[in-house]
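Residue numbers (my numbering), protein chains in the order written: chain A, 19 to 356; chain B, 19 to 356; chain C, 19 to 356.
Hints are not guaranteed to be accurate.
Pairs count within a copy or across copies, as identical chains cannot be separated in the list.
[Stated by the list, open to error] Below 20 Å or equal to it, Euclidean Cα-Cα: the simulated EDC-like pairs (lysine to aspartate or glutamate) are:
(1) K152 <-> D29
(2) K46 <-> D106
(3) K186 <-> D263
(4) K290 <-> D106
Hints were generated in silico from the structure; no laboratory data involved.
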Amino acid sequence: MSLRHFLTTQDWSRAELDALLDQAVAFKHSRFGQQLAGKSIALLFFNPSMRTRTSFELGAHQLGGHAVVLAPGKDAWPIEFDLGTVMDGDTEEHVSEVARVLSRYVDLIGVRAFPKFQDWSVDREDRVIKAFAKYATVPVINLETITHPCQELAHVMALREKFGNLDKKKYVLTWTYHPKPLNTAVANSALLIATRFGMDVTLLCPTPEYVLDERYMELARQNVAESGGSLRVSHDIEDSYRGADIVYAKSWGALPYFGRWQDEAPIRQSHKHFIVDEAKMALTNNGVFSHCLPLRRNIKATDAVMDSPACIAIDEAENRLHVQKAVMAALARHTPSR
Amino acid sequence: MSLRHFLTTQDWSRAELDALLDQAVAFKHSRFGQQLAGKSIALLFFNPSMRTRTSFELGAHQLGGHAVVLAPGKDAWPIEFDLGTVMDGDTEEHVSEVARVLSRYVDLIGVRAFPKFQDWSVDREDRVIKAFAKYATVPVINLETITHPCQELAHVMALREKFGNLDKKKYVLTWTYHPKPLNTAVANSALLIATRFGMDVTLLCPTPEYVLDERYMELARQNVAESGGSLRVSHDIEDSYRGADIVYAKSWGALPYFGRWQDEAPIRQSHKHFIVDEAKMALTNNGVFSHCLPLRRNIKATDAVMDSPACIAIDEAENRLHVQKAVMAALARHTPSR
Amino acid sequence: MSLRHFLTTQDWSRAELDALLDQAVAFKHSRFGQQLAGKSIALLFFNPSMRTRTSFELGAHQLGGHAVVLAPGKDAWPIEFDLGTVMDGDTEEHVSEVARVLSRYVDLIGVRAFPKFQDWSVDREDRVIKAFAKYATVPVINLETITHPCQELAHVMALREKFGNLDKKKYVLTWTYHPKPLNTAVANSALLIATRFGMDVTLLCPTPEYVLDERYMELARQNVAESGGSLRVSHDIEDSYRGADIVYAKSWGALPYFGRWQDEAPIRQSHKHFIVDEAKMALTNNGVFSHCLPLRRNIKATDAVMDSPACIAIDEAENRLHVQKAVMAALARHTPSR
Numbered sequence: 019m020s021l022r023h024f025l026t027t028q029d030w031s032r033a034e035l036d037a038l039l040d041q042a043v044a045f046k047h048s049r050f051g052q053q054l055a056g057k058s059i060a061l062l063f064f065n066p067s068m069r070t071r072t073s074f075e076l077g078a079h080q081l082g083g084h085a086v087v088l089a090p091g092k093d094a095w096p097i098e099f100d101l102g103t104v105m106d107g108d109t110e111e112h113v114s115e116v117a118r119v120l121s122r123y124v125d126l127i128g129v130r131a132f133p134k135f136q137d138w139s140v141d142r143e144d145r146v147i148k149a150f151a152k153y154a155t156v157p158v159i160n161l162e163t164i165t166h167p168c169q170e171l172a173h174v175m176a177l178r179e180k181f182g183n184l185d186k187k188k189y190v191l192t193w194t195y196h197p198k199p200l201n202t203a204v205a206n207s208a209l210l211i212a213t214r215f216g217m218d219v220t221l222l223c224p225t226p227e228y229v230l231d232e233r234y235m236e237l238a239r240q241n242v243a244e245s246g247g248s249l250r251v252s253h254d255i256e257d258s259y260r261g262a263d264i265v266y267a268k269s270w271g272a273l274p275y276f277g278r279w280q281d282e283a284p285i286r287q288s289h290k291h292f293i294v295d296e297a298k299m300a301l302t303n304n305g306v307f308s309h310c311l312p313l314r315r316n317i318k319a320t321d322a323v324m325d326s327p328a329c330i331a332i333d334e335a336e337n338r339l340h341v342q343k344a345v346m347a348a349l350a351r352h353t354p355s356r
Numbered sequence: 019m020s021l022r023h024f025l026t027t028q029d030w031s032r033a034e035l036d037a038l039l040d041q042a043v044a045f046k047h048s049r050f051g052q053q054l055a056g057k058s059i060a061l062l063f064f065n066p067s068m069r070t071r072t073s074f075e076l077g078a079h080q081l082g083g084h085a086v087v088l089a090p091g092k093d094a095w096p097i098e099f100d101l102g103t104v105m106d107g108d109t110e111e112h113v114s115e116v117a118r119v120l121s122r123y124v125d126l127i128g129v130r131a132f133p134k135f136q137d138w139s140v141d142r143e144d145r146v147i148k149a150f151a152k153y154a155t156v157p158v159i160n161l162e163t164i165t166h167p168c169q170e171l172a173h174v175m176a177l178r179e180k181f182g183n184l185d186k187k188k189y190v191l192t193w194t195y196h197p198k199p200l201n202t203a204v205a206n207s208a209l210l211i212a213t214r215f216g217m218d219v220t221l222l223c224p225t226p227e228y229v230l231d232e233r234y235m236e237l238a239r240q241n242v243a244e245s246g247g248s249l250r251v252s253h254d255i256e257d258s259y260r261g262a263d264i265v266y267a268k269s270w271g272a273l274p275y276f277g278r279w280q281d282e283a284p285i286r287q288s289h290k291h292f293i294v295d296e297a298k299m300a301l302t303n304n305g306v307f308s309h310c311l312p313l314r315r316n317i318k319a320t321d322a323v324m325d326s327p328a329c330i331a332i333d334e335a336e337n338r339l340h341v342q343k344a345v346m347a348a349l350a351r352h353t354p355s356r
Numbered sequence: 019m020s021l022r023h024f025l026t027t028q029d030w031s032r033a034e035l036d037a038l039l040d041q042a043v044a045f046k047h048s049r050f051g052q053q054l055a056g057k058s059i060a061l062l063f064f065n066p067s068m069r070t071r072t073s074f075e076l077g078a079h080q081l082g083g084h085a086v087v088l089a090p091g092k093d094a095w096p097i098e099f100d101l102g103t104v105m106d107g108d109t110e111e112h113v114s115e116v117a118r119v120l121s122r123y124v125d126l127i128g129v130r131a132f133p134k135f136q137d138w139s140v141d142r143e144d145r146v147i148k149a150f151a152k153y154a155t156v157p158v159i160n161l162e163t164i165t166h167p168c169q170e171l172a173h174v175m176a177l178r179e180k181f182g183n184l185d186k187k188k189y190v191l192t193w194t195y196h197p198k199p200l201n202t203a204v205a206n207s208a209l210l211i212a213t214r215f216g217m218d219v220t221l222l223c224p225t226p227e228y229v230l231d232e233r234y235m236e237l238a239r240q241n242v243a244e245s246g247g248s249l250r251v252s253h254d255i256e257d258s259y260r261g262a263d264i265v266y267a268k269s270w271g272a273l274p275y276f277g278r279w280q281d282e283a284p285i286r287q288s289h290k291h292f293i294v295d296e297a298k299m300a301l302t303n304n305g306v307f308s309h310c311l312p313l314r315r316n317i318k319a320t321d322a323v324m325d326s327p328a329c330i331a332i333d334e335a336e337n338r339l340h341v342q343k344a345v346m347a348a349l350a351r352h353t354p355s356r
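Input sequences plus hints: build the corresponding full structure.
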């Protein structure tokens, strides 16, 4: 039987995703279990984390397991990912060794590895987590690379708590301004999961340059073909918000500008009015607002929106704990006892 | 019922403090319990820690709980504390979100946040931990900000182990030299706890500029009015040490010089003779010496004093473990099961 | 009874080492136990770690204990090791306090402290771990200083898994190139453990300047006198590899060049041909290859060697978990219950 990973929700059937969400709801009602008794997970953070680290570490503990948190390049050795390299640079060991050794120690490996933001054609290969998945002999979990599937599950769980069935809900994924060009991971993920669950999805962004990678656009089109939802791109704020049930915000850098961000900055700065505010939310169908966090207040969304009852970002963040426990439990079911 | 925090010992009655100390003594005799079974604590360190981190992490574990250690701005996202800010600077998320999300994950939140040392009028507002206490929906514990209440309990526990009843003991809190202008937290705390427990307290410092913030001086005066102790300020080393039962040392920067430390440095450097040495200790009533640690040897106290039987700093440090378990257990008693 | 540490395998009798290895084999078959129930270990990392940290943290957990990971100078206070110093420099506390306080909290202390690489006559004193062993009142474990005894046990365990009895096996410890002048710790350790277990050991290095410290050469000579093995130094690659059963590779800086590495660099760079490759391995007696990791591929050993069945480096890395649990269990047996 081939090894099962949690790299993207697209590798999991809709029935499997529903089962994960059901298990997450069960964990929300009753936090403790023995699904990871005697098992362990290594959490590799190539980038900062607060929610992910806390919720995975606690989640493993609550299921009887143990999490080891590692920061390669900071308190562990920097890692090489290319094949065949003569390693005379900064990296001290190859992912092949790291993944194989960790697989001897632990039962699951989680990896957070953001893009380098220099060349999208490189970043879109997502080679760090793919290398771990290639060499590890235990399941690998995506803690955010160029998608963020754990966030997807937490997000859709929060939406279900609010709406129940999500078919044909009007869902707006809106770009917002941020002083730095950010990762597209959560935006890609929002597109995938919203289309997967049959919603009518609008991708709202300033210009065509801010449309997401065609790989994710195409997957989203395939998803709506199966799920019965729809997908459109819009640059019209008022039209997008009108009648929306769900507004999900995220900032990201425009893909054509990777590596020459000084050229993108003035475009980004000219669209600060994409901020989610009360006026825009008033156009919705008494819609809810969410965001993956961290969120810069009064940049991405106003204090008024963040502090309103419509904001379910804290619920979504809480759900990270529950869905990730469901993912760990599902993957660990198939790992051998030591 | 409103949420109970452990931000300062002044919020806890003398009977409550005595109960915490009794519980700490019980934990010293028998380390293990289930008071935190199924519970967890997030420990947020904005500044370095050795004793605090080790003793809280172990203490939670010994009571059946789990501690997650986070370093915001280093391996987690930098946090904004001001209200209404347009967050276009370095901070990536607001304490409102951090505190509310952590409250969904954990049952207790510990926060270490030292002053910035630029403007005492700002630092004295202690806004980091106050913001956590404001937004968190679980109890918040002070791991040292501008006071250090856990150290207070460990200190008074060590003194009781030595003396039993502390009423009317002659207690000297002496300033000492240190190459850097340090936090007044432990000095403020020593003043509070020594006056609270009815001791005759002398604050010994080089000049009137080194007297502590009037807020703590006034609380100390209120404390002695209730406890039957006394409080005086002295700049006379020999007179202060003579007949003392307890010498507690701490270095701190003079409050009027915050933000212009180059002006304070020569004053500080001219008072290196405040070092605790054998000659000074010989003036005491066979007194004990303690310090919160870390301590620079032969700067704050000589090797001879540190290595003498009179030094109870190691006992005080050990007691951190016991008193903090008592604090966690007391606060967790009122948190809901998940 | 005097305190037992695990600072070097030379302090442990051959029978004791055999018992540790037997226990490690037992742990490899059955991972879980209660040998550390209610006990804890502080892991102090003055340098980065991946395998050591993960395997110790997990190992303690699997035996019912708890590990606290500390990084002095990074997230804990910088520590002074000299005696009698007037501490007006960068260090904030003395090892005497750190070791004594940690001994009150935990039952075992592990220390990783690499040399400073400026002056070998200083580094060879190994004063960091010796200071911890001097002041601690609990056992201290060497996590790599100027030797690496945990690696030794993992290494010899892997060799026994392959060969059974190791008497008179032909063992080559070969120097290899690395862009930086590295620690001699694993090389010293390989020399000690291979001679201890009765092997015919060749130390292969580019020039006499790369021979290891006379302290370890002399211990190795004493070891072979007792164990029945042999020791020779060679600068002839082909002669050394011919008929070898075991090739163990490590790079290190030449001792006479400590502190003036610019002079050593050209010598080191002129010996890149010491890389372990298929041609060299073909000279052996169908020998195995190993390395302590991290390893720079195509610098110390080629991809072909690393990915060949002859490479047992991953097994050796796995064994770190098992042997370290055996060491912790052996030391904790004699620590008092709290």
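Evaluation of the provided hints:
1. With identical chains, the CA atoms of K152 and D29 are at most 20 Å apart within one copy only, with a shortest distance of 15 Å there and 42 Å across copies.
2. Taking CA atoms no more than 20 Å apart as the test, K46 paired with D106 passes in neither setting, with 49 Å inside one copy and 35 Å between copies.
3. For the identical chains of this complex, K186 and D263 are intra-copy neighbours only, at 10 Å inside a copy versus 68 Å across copies, given an alpha-carbon limit of 20 Å.
4. In this assembly of identical chains, K290 and D106 lie within 20 Å of each other by CA distance solely across copies; the values are 11 Å between and 44 Å within a copy.
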